Amino acid sequence: NAGVTQTPKFRVLKTGQSMTLLCAQDMNHEYMYWYRQDPGMGLRLIHYSVGEGTTAKGEVPDGYNVSRLKKQNFLLGLESAAPSQTSVYFCASSYLDKGYEQFFGPGTRLTVL
Amino acid sequence: GQQLNQSPQSMFIQEGEDVSMNCTSSSIFNTWLWYKQDPGEGPVLLIALYKAGELTSNGRLTAQFGITRKDSFLNISASIPSDVGIYFCAGQLNAGKSTFGDGTTLTVKP
Numbered sequence: 002n003a004g005v006t007q008t009p010k011f012r013v014l015k016t017g018q019s020m021t022l023l024c025a026q027d028m029n030h031e032y033m034y035w036y037r038q039d040p041g042m043g044l045r046l047i048h049y050s051v052g053e054g055t056t057a058k059g060e061v062p063d064g065y066n067v068s069r070l071k072k073q074n075f076l077l078g079l080e081s082a083a084p085s086q087t088s089v090y091f092c093a094s095s096y097l098d099k100g101y102e103q104f105f106g107p108g109t110r111l112t113v114l
Numbered sequence: 287g288q289q290l291n292q293s294p295q296s297m298f299i300q301e302g303e304d305v306s307m308n309c310t311s312s313s314i315f316n317t318w319l320w321y322k323q324d325p326g327e328g329p330v331l332l333i334a335l336y337k338a339g340e341l342t343s344n345g346r347l348t349a350q351f352g353i354t355r356k357d358s359f360l361n362i363s364a365s366i367p368s369d370v371g372i373y374f375c376a377g378q379l380n381a382g383k384s385t386f387g388d389g390t391t392l393t394v395k396p
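Residue numbers (my numbering), protein chains in the order written: chain A, 2 to 114; chain B, 287 to 396.
Bear in mind the hints are in silico, worked out from the structure with no lab data behind them.
Note that the coordinates shown come from a computational prediction; the quantities given were computed from them, not determined experimentally.
Treat each hint with caution, since some may be false.
Said to hold, decoys possible - Capping the alpha-carbon separation at 20 Å, the derived lysine to any residue pairs in SDA-like fashion look like this: (1) B:Lys383 / A:Thr56; (2) B:Lys383 / A:Thr8; (3) B:Lys383 / A:Asp63; (4) B:Lys337 / A:Asp98; (5) B:Lys383 / A:Tyr101; (6) A:Lys58 / B:Lys383; (7) B:Lys383 / A:Leu97; (8) B:Lys383 / A:Glu80; (9) B:Lys383 / A:Tyr96; (10) B:Lys383 / A:Arg69; (11) A:Lys71 / A:Phe104; (12) B:Lys383 / A:Met20; (13) A:Lys58 / B:Asn380; (14) B:Lys383 / A:Gly59; (15) B:Lys383 / A:Pro62.
Said to hold, decoys possible - Just some of the chain B residues that point at chain A, by a computed CB distance under 7 Å: (16) Thr317; (17) Asp324; (18) Pro325; (19) Gly371; (20) Phe374; (21) Gln378; (22) Phe386; (23) Gly387; (24) Asp388; (25) Leu392.
Each residue gets a CB set at the ideal place from its N, CA and C atoms; glycine is no exception.
Construct all of the structure, not just a fragment, from the sequences and the given hints.
Below, the structure is given as structure tokens:
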């Protein structure tokens, strides 16, 4: 099993450009999450999903959109990137009955110029 | 929103020493979690605590869920070089939604 994978690993954008980050998991987890991690800080929850077709806002949702069309995939979109969105983005997934035990992907390092 | 204060921010220790770090919150949590993050990777869960007062061990690691439900600590005994990394605490009020501390960076000198 690959676990949680993220695509791409690195990306550089110009202000105003758009992009989509892809997260995939092969563990049949119900819950999926997107976090951002800024230097010297912990992870902050952007959006999460408790099942296919459902999404909800986390702590810092502004400027991001998400979609969960398939159980194994969770997409994070930036419609108009801003320098403040320069960060490392982590995806995670967990079982419904073990929401505490989140498995994380390797991260996507995004720079917005 | 909920905030976690994690301390110390960084630690420099000699191999073989014991380490202690803690997290405090202004509000209660139902679950406390401790993660380790190696450079360039995502966090990995070390210990999960589900009940106030609970003390749980995982090898050389021991963590406790504070009685007030507003704090937790992590101890590492007899540190080794591979313990180097960033340790995060996280609290959960509801399943799945975690609030993370800012991390403790551990450096172990051989």
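Problem set entry | Interface hint compliance - B:Gln378 to chain A, C-beta minimum distance less than 7 Å | holds, 6 Å
Exercise. For the pair supplied as a hint, B:Lys383 and A:Glu80, is the alpha-carbon distance within the 20 Å limit?
Worked result: Not OK: B:Lys383 and A:Glu80 at ~25 Å, beyond 20 Å, violated.
For this session: Could you grab the alpha-carbon distance between B:Lys383 and A:Met20 and see if it respects the 20 Å cut-off?
Result: Violated. B:Lys383 to A:Met20 sits at ~25 Å, over the 20 Å cutoff.
For this session: Quickly compare the C-alpha distance for B:Lys383 and A:Arg69 to 20 Å and report which way the hint goes.
Result: holds, 17 Å
Exercise. Holds or violated: B:Pro325 as interface residue toward chain A, Cβ cutoff 7 Å?
Worked result: violated, 11 Å
Problem set entry | Pairwise hint evaluation, A:Thr8 against B:Lys383, where the allowed Cα distance is 20 Å at most | violated, 23 Å
Problem set entry | Hinted pair B:Lys383 and A:Tyr101, Cα distance within 20 Å | holds, 8 Å
Problem set entry | Satisfaction of hint between A:Gly59 and B:Lys383, Cα-Cα up to 20 Å | Status holds; Cα separation ~8 Å.
For this session: Quickly compare the C-alpha distance for A:Lys71 and A:Phe104 to 20 Å and report which way the hint goes.
Result: Between A:Lys71 and A:Phe104 the Cα gap is close to 18 Å, so the pair holds against 20 Å.
Problem set entry | Hint status (Cβ of B:Thr317 to nearest Cβ of chain A, threshold 7 Å) | holds, 5 Å
Exercise. Has the given pair, B:Lys383 with A:Tyr96, been kept, meaning a C-alpha gap of at most 20 Å?
Worked result: Status holds; Cα separation ~13 Å.
Exercise. Can the hint on B:Gly387 be confirmed by a CB-to-CB distance to chain A that is less than 7 Å?
Worked result: holds, 5 Å
Hint compliance for this structure: hints 2, 8, 12, 17, 18, 19 and 25 are not met, and every other hint is.
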